[in-house]
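Novice: Numbering of the sequence shown is given in this note's numbering, commencing with residue 68 and proceeding in unit increments.
Derived by calculation from the structure, the hints in this document are not laboratory data. Fair warning: there could be bad hints in the mix.
Said to hold, decoys possible - Within a straight-line C-alpha distance of at most 30 Å, the following computed DSS-like cross-link-like pairs (lysine-lysine) qualify:
(1) 229 with 259
(2) 259 with 292
(3) 229 with 292
To be verified - Derived CB-CB ranges, DEER-like:
(4) 239 with 289: 25 to 31 Å
(5) 210 with 303: 20 to 26 Å
(6) 79 with 250: 45 to 51 Å
Everything numeric in this text was worked out from a predicted model, so none of it was measured. Think of the CB as a built atom: it goes at the ideal place given N, C-alpha and C, for glycine as much as any other residue.
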Amino acid sequence: MTDTVAAWDEPYGVNPRGTLIVLAGRGERSSVYARFGARLAFDAYKVRVVSDVAENVARARQQVSALLTDETLVGPKILVGADAGALLALQLAVHPELGIDAVIVAGAPVDGGVPPTDWDDELEVRTACPTHQGVLSRESERGAVAIEIPTSLCAVTPANVKVPVLVLHGGSDTISPWGRATDDLYQHLPNKEIAVVEGGRHDALNDASHRTVAATIILFLERLKVGSELLPIVRLV
């Protein structure tokens with residue numbers, strides 16, 4: 068699998084509003100996030116995607132460190148972790164010296180899930196979106212989500228993550244069951260907002276509700292621009 072970092076930038080002539088560093092999950096090439104990257108870039112956020120963090124955790128850490136210190140990438144800088152990438156994002160977020168302003172986690176893996184039995188089953192439990200199923204067939208390693216999480220990614224201390232965290236999780240995720248994820252991981256985050264995708268499956272960023280999920284992320288990012296208190300910008304009355 069390639070270890071290059073994929074990039075999407077804001078439209079020409081538009082000032083960037085921040086940088087998203089996406090940490091891809093097990094078996095995912097950075098190209099899996101092309102639709103996600105293009106959509107968030109259109110809203111003036113620079114997007115950089117690091118491939119499959121579980122394949123080589125040390126390499127992923129180095130790439131993320133380089134992106135965080137890259138002065139051409141404007142702040143705020145937000146880590147977006149999917150699957151195993153969510154665990155690495157939470158690990159890194161406990162280090163204030165890295166300059167991470169917030170974290171977004173999607174489908175963080177926990178014990179108790181049911182691994183897919185074959186490729187057709189894997190596609191079904193990962194996403195209900197036919198387009199994303201096609202992307203996975205071309206751009207991901209088959210059977211990867213059944214691979215055990217590297218030990219180095221399992222040492223996560225959510226209580227020590229002080230930056231704002233947006234949690235996105237599919238309500239029908241069988242790989243990482245929503246209830247277990249809440250009990251084992253999310254409840255211990257001190258500064259969190261949790262968004263459950265109704266009927267959503269494991270690939271929360273690229274599932275059938277990807278437009279709504281992207282909009283939820285943009286609302287979070289715009290509030291973060293105002294301040295880490297995440298004060299509301301628009302009130303429904």
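Novice: If a hint holds in the structure, say so; if it doesn't, say that too.
Specialist: Evaluated hints:
no., hint, in the structure
1, 229 with 259, "holds, 9 Å"
2, 259 with 292, "holds, 16 Å"
3, 229 with 292, "holds, 17 Å"
4, 239 with 289: 25 to 31 Å, "holds, 28 Å"
5, 210 with 303: 20 to 26 Å, "violated, 44 Å"
6, 79 with 250: 45 to 51 Å, "holds, 46 Å"
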